[in-house]
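A.B. asks: Now for the letters of each chain:
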Amino acid sequence: MTTTTTTTTIVTTASMAIAANTATARPVARPAARALVLPVALALGVAFSSWSSGTAHADGNVGAPLAIGTKAPSPANQVKMKSVDGKVLSIAEAAGKAGTLVVFTCNHCPFAKGWEQRIAELANGYSKKGVGVILINANDPTKYEEDGYLEMQARSRKLALTVPYVVDETSQVARAFGATVTPEAFLFDKSGKLVYHGAVDDNHREPAKVQKRYLHDALDAVVAGKDPTITESKGIGCGIKFRS
Amino acid sequence: MAHEPELPRLRPGSLPSILAAVRNPGAKAVLLNVWASWCEPCLEELPELLSFYRDHRQQGLRLVMVSADDMDQEPEARRALQAAALSAGLVGTATATATPTLFDAVVFIKDEDDTAFVNGLDPGWSGALPVTFVYDRLGERQRVWRGPVTYAALKEATGELFGLTAPKTGPDSKGRAPRVSPRPKPQPDRSPPP
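Quick note, the sequences are listed as chains P and Y, same order. Under my numbering, the first residue of the first sequence is numbered 1, with each subsequent residue one higher. Under my numbering, the first residue of the second sequence is numbered 1, with each subsequent residue one higher.
No wet-lab data here; the hints were simulated from the structure. Check each hint, because a few of them may be wrong.
[To be verified] If you only want the chain Y side, here are some residues facing chain P, beta carbon under 7 Å, derived: (1) Val144; (2) Gly147; (3) Ala157.
If you're wondering where the values come from, they're calculated on a predicted model, not measured in any experiment. The beta-carbon is built from N, C-alpha and C at its ideal position, and this holds for glycine as well.
Model the full structure from these sequences, guided by the hints.
C.D. replies: Shown next as structure tokens:
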């Protein structure tokens with residue numbers, strides 16, 4: 001197993017809307033356990049595919065996703081990530097006054113491609129309404145070349161993105177969020193509390209056949225200062241190709 | 001003249017019909033694999049999955065496969081599955097005098113809302129493909145594999161269910177009794193007939 005050199009920088013910015021997670025924001029044991037188990041697993045070369053007992057989120061490498069009502073995990077929310085314009089920024093720095101949308105996505109996945117135009121429209125549209133938006137590619141481009149930085153730049157131009165599309169260089173941000181699929185959205189309200197997690201909508205291929213506009217409706221609620229009616233959804237998609 | 005037999009059309013599968021296929025009595029172990037024709041890792045694992053099924057179906061292994069393709073992608077899904085089944089020796093070549101071996105895995109194409117489907121199989125599953133679940137003879141979910149599964153991994157996970165390794169019937173290392181999960185209530189099958 002090769003060793004990946006971490007070039008990620010961590011900054012501390014106390015006054016961000018997406019505040020540092022505290023022991024009260026998430027269960028105490030899990031982040032602590034994750035912080036210990038994951039580096040050890042990586043150092044020992046533990047494969048990321050393994051049998052889990054009973055449920056898919058019990059494999060010890062990528063835990064359950066952030067729970068509704070919790071805040072963005074720290075220090076993952078302060079990890080500096082390079083965007084398609086060459087600038088670096090963290091989730092905390094991308095936060096908006098009305099709320100913050102974090103979407104883990106990529107370039108190669110057919111589901112991500114199917115939803116990319118709608119993600120771009122939501123991202124560009126709601127960023128004008130005060131929602132901070134950051135799109136994150138946590139995939140290892142050695143597994144799919146299409147997930148590389150140059151293609152991210154091309155995709156950003158093609159979609160006319162006005163929001164940052166950044167590289168999670170070690171996949172550590174995705175792991176900290178418990179994100180495992182692309183695309184996967186996490187929407188925080190203006191207080192930094194997670195109020196929606198899941199899919200964009202219920203039809204990745206045909207926008208005209210969408211019946212449940214999960215993310216759109218959740219964004220509307222956040223902008224209006226309300227809690228979304230539907231707080232969680234699931235969508236079939238590609239697994240995140242974590243960097244080892 | 002020899003020709004390759006064609007698999008029948010994949011039948012639409014609602015969550016109840018898929019779970020009914022898993023829980024139908026008679027198998028020692030059941031593999032439920034969710035895949036799609038557009039999913040490269042899914043196609044990569046098919047030879048391993050189908051080879052394992054070929055080698056263990058006579059021992060009581062049932063394979064239930066659910067394609068997450070859309071209905072209009074059914075021909076692509078069927079072609080991909082047929083090619084893999086042929087390579088694994090699960091579909092023979094028909095001749096004028098010989099009948100091809102039928103691919104007897106239970107195969108569906110998903111006809112269900114994603115959220116209901118994913119949570120109905122495992123609330124801890126994000127929906128990322130491929131995924132493989134192992135069920136025991138009672139239809140209880142025992143193990144989950146995220147990502148492409150291998151022959152060796154399948155052997156490890158099912159050995160106990162086939163009685164090839166010692167069953168965990170006693171208390172665990174912490175002295176706890178083995179957990180027995182209640183069986184979910186059967187749901188009505190609302191899928192169309194095959």
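A.B. asks: Now, for every hint given, state plainly whether the structure supports it.
C.D. replies: Structure-based check of all given hints:
1. Val144: Holds. Min distance 5 Å.
2. Gly147: 4 Å, holds
3. Ala157: With Cβ-Cβ at 5 Å, under 7 Å, it holds.
In this structure, every one of the numbered hints holds.
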